[in-house]
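Make a model of the complete structure from these sequences and hints.
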Amino acid sequence: MNARLAAGAAIVGGVCALALLALLWTPHDPLALNVAGRFAPPSPAHWLGTDQLGRDVLSLIMRGAAGPVGVSLAAVCIGLAVGGTLGVLAAGRGGIGAHAALRASDFLFAFPALLVAILLRETLGPGVLNAMVAIGIFNVPVFTRVAYGASLPVWRSGYVAAARVAGRGGAWIGVMHVLPNIANTLIVQATIQLSLGVLAEASLSYIGLGVQPPQPSWGRMLYEAQTLLAIAPLLAIAPGLAIVVTVLGFNLLGEGLRQALDPRRATPPEPDAETAP
Amino acid sequence: MTLLAVDNLDVDIDGRPILRDVGLRLARGETLGIIGQSGSGKSMTALALMGLLPEGARVSGRIALDGEDLLRLDEAAMCSVRGARIGIVFQEPLSALNPLMTIGDQVAEGIRQHRRPARAQADALARAALARVGLDPAQVSPGRFPHELSGGQRQRVAIAMAVAMEPDVIIADEPTTALDVTTQARILDLLRGIVRDGGPGLLLVSHDLGVIAAMADRIAVMDAGRIVETGPAAGFGPRVRHPRARTLLAAATLRAEALPAPVTARSEHEPPLLAAHAVSRRFALPRAHPFARRTYRHALDDVSLQLHEGESVALIGESGSGKSTLARLLLGLDRPDGGRVTYRGADVASLPTDTRRRMRADVQAVFQDPYTSLDPHKRAGWIVAEPLHLDPDAGGSAREDRVAEALREVGLSPDDAKKYPHAFSGGQRQRIALARALVTRPRLVVLDEAVSSLDVSVQAQILDLLARLRAGHGLAYLFITHDLQVARAVAERVAVMRDGRIVEEGPAAQVLHAPRHPYTQALLAARPDVSAFAV
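Keeping their order, the protein sequence lines are chains A and B.
So in the numbering used here, the last spot in the first sequence is 277, and the numbers never skip.
So in the numbering used here, the last spot in the second sequence is 1535, and the numbers never skip.
Note that these hints are calculated values from the structure, not bench results.
Keep in mind it's a predicted model, so treat the numbers as computed, not measured.
There's no promise every hint is true.
[Claimed, not checked] Quick list of the computed label-pair ranges, beta carbon to beta carbon:
#: 1; chain 1: B; residue 1: ARG1379; chain 2: A; residue 2: ALA9; range: 26 to 32 Å
#: 2; chain 1: B; residue 1: GLY1143; chain 2: A; residue 2: ALA9; range: 52 to 58 Å
#: 3; chain 1: B; residue 1: ASP1337; chain 2: A; residue 2: ALA171; range: 51 to 57 Å
#: 4; chain 1: A; residue 1: ALA110; chain 2: B; residue 2: ASP1012; range: 39 to 45 Å
#: 5; chain 1: A; residue 1: TRP25; chain 2: B; residue 2: GLY1056; range: 48 to 54 Å
#: 6; chain 1: B; residue 1: GLU1405; chain 2: A; residue 2: ALA110; range: 39 to 45 Å
#: 7; chain 1: A; residue 1: LEU124; chain 2: B; residue 2: ARG1293; range: 48 to 54 Å
#: 8; chain 1: B; residue 1: THR1353; chain 2: A; residue 2: ARG103; range: 32 to 38 Å
#: 9; chain 1: B; residue 1: ARG1501; chain 2: A; residue 2: LEU115; range: 56 to 62 Å
Note that the Cβ used here is the ideal one computed from N, Cα and C, for glycine as well.
Next comes the structure, spelled out in structure tokens:
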């Protein structure tokens, strides 16, 4: 196991554990207001102090982790399910259908997640589900492209030809041969998309399109802290650092996985042992 | 006089012994052929001479070029030796050339590096070097890019790069392995001419005894990192004493006689097992602009071939002749644009489902590259069992028995079923692919260059195995090969393809000994003679 993989796994594991823990327990109720105790500096009672409404910042950060982690996970699942399938199918079938799928994904590339989220809010209203779908749509063309590129050589490989000769159909080949052989590539891409998803969720929350109040969210905390930067810089630094650390964790995990799963680093085959008479 | 002298050369990479006590002598105008199986240390010897060993390599011994020990030179001094005094020609002409540089620039690069001449002078030298290797600048512009050239032309460029600096020693590492036989013959002629004219010593590394036989003045046989046999080429075979060297030579020279004459008994009235009737296949070429007329490359043009029960047919052709396209049509992996493919007389395009399944079980295939024809993520047993769904008798526990039976039949152990492909050698992998082809008890196996990527002794073992399987099961084979010796060893009937057509077809003895078509004659003439090596 390499150092990046270890560091990335530790950070991501920590963030996820914190998000889960926050569902059951936080040091203080993150929604409890205490206007008298607002802008308290860090203290044993409030490790990261309190905000403009007297809420405990540490509890807000902990509860706020669920948004980015949950949304980016759901969005990656959407991207993998739709984009991965499309890419593998397009590579296997070729022809007009493949062109259509690839052009459609190019078309989607042109729409930033923010724009999609705004469109969705106009039609469905704001909410966490919209953020998932918007970022999910943003993930689809990425996975389509990656799955297409990775599975093209697999579809043309000798073992797929052998499976055809063995009378196996396209669905069997896709599931039994192609998917296992592109899984590493997809996993690495998924971790990268997770880190992008965290960032995208934070931006959506920042402009009010993500997790809705009163539920805490890192993006909105940043937005609210913006005007108070001179009075209480910690209110901006805490959620900002939380975002940076989480994104860094996913990136390190992705880089580490890429190194660990790189087929070029796999153990070489044994030399030809069959030369003895 | 001795130009290059290598003594007691030992190389270890990450603690593993690679070369042991290698000693060589090479004189001006002499060709030394180094032959051995893959992994025997031939290429490592070549890389050690160039000082191009991979990281983690420890070298000891002496490599003297005109009396100067190259192992004592530092990297900067070695750079002035590489290219200028020792030139190298690699195996794969496409990957050895930079795709973004014109061939003229690539040849001039070495000249600029070592002699620092004026630009025009470097270009003139590069053109002269290209002309010397048969790429006349008037016909093949030095401004072309590697992808615009054929495989043979690319290898000429690589040779021009090696000879442009008039080096003392040229190392050619499998220079013709990626080329067709007729191209190979022309490239070997070229190398022979260069050694004769300029008088450099040529160190020719190859696994192909034919190439070594055609070129070498002296021969060294390598095995497991050591030179086990060395001597003048004339009368080399009978003098060989080392058992591994004898095995190697015997495998390459006696292959033609190694197989029993096949026995066939079939009814002339039955329709052929599998047949192509006047099939054509064309592939659209890219258009120059969107409104240009579509142009096509005709991979197959009106080709007919019949394969009967129990018959062994060889389809011979060079790369691009259409032989693999024909195999794909026969296997149902692709559809013809014209003509039809029939299975027991019925058009395969309109077979009812159950007959189609029977055809799939009856007609199996083994592909060329044992490293890509097995899914790296599946165990050997799973791979072998993949076609068994076609056989209704092979459900449940019968499945494992059939897999074990197939593995035993190809000389592997049933315990191998649990291992992944990377645990097997190339020859063993090809046995697994063969077991997969045999597990449905087929009537015909299409072998698409199935032995061409294997070492000669492994090749001989696989061919021997194929002959025994055929005798045991009355199998029919379609051998698709560029190797005339393989065709001679296995086939009763031979068809020769060129440019998408079958130019000659007939009994093996007739086509391979008294060919009528000029192309077949050229193919036969191009094949180097290895009879001098018979042990």
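Hints, one by one, checked against the model:
1. ARG1379(B) to ALA9(A): 26 to 32 Å: The hinted range 26 to 32 Å holds for ARG1379(B) and ALA9(A), with Cβ atoms some 29 Å apart.
2. GLY1143(B) to ALA9(A): 52 to 58 Å: The hint (52 to 58 Å, Cβ to Cβ) holds, given that GLY1143(B) and ALA9(A) are roughly 53 Å apart.
3. ASP1337(B) to ALA171(A): 51 to 57 Å: violated, 27 Å
4. ALA110(A) to ASP1012(B): 39 to 45 Å: violated, 56 Å
5. TRP25(A) to GLY1056(B): 48 to 54 Å: Holds - the Cβ-Cβ distance for TRP25(A) and GLY1056(B), about 53 Å, lies within 48 to 54 Å.
6. GLU1405(B) to ALA110(A): 39 to 45 Å: violated, 58 Å
7. LEU124(A) to ARG1293(B): 48 to 54 Å: About 51 Å separates the Cβ atoms of LEU124(A) and ARG1293(B), which means 48 to 54 Å holds.
8. THR1353(B) to ARG103(A): 32 to 38 Å: holds, 35 Å
9. ARG1501(B) to LEU115(A): 56 to 62 Å: The hinted range 56 to 62 Å holds for ARG1501(B) and LEU115(A), with Cβ atoms some 58 Å apart.
Against the hints set out earlier in the document, violations occur for numbers 3, 4 and 6.
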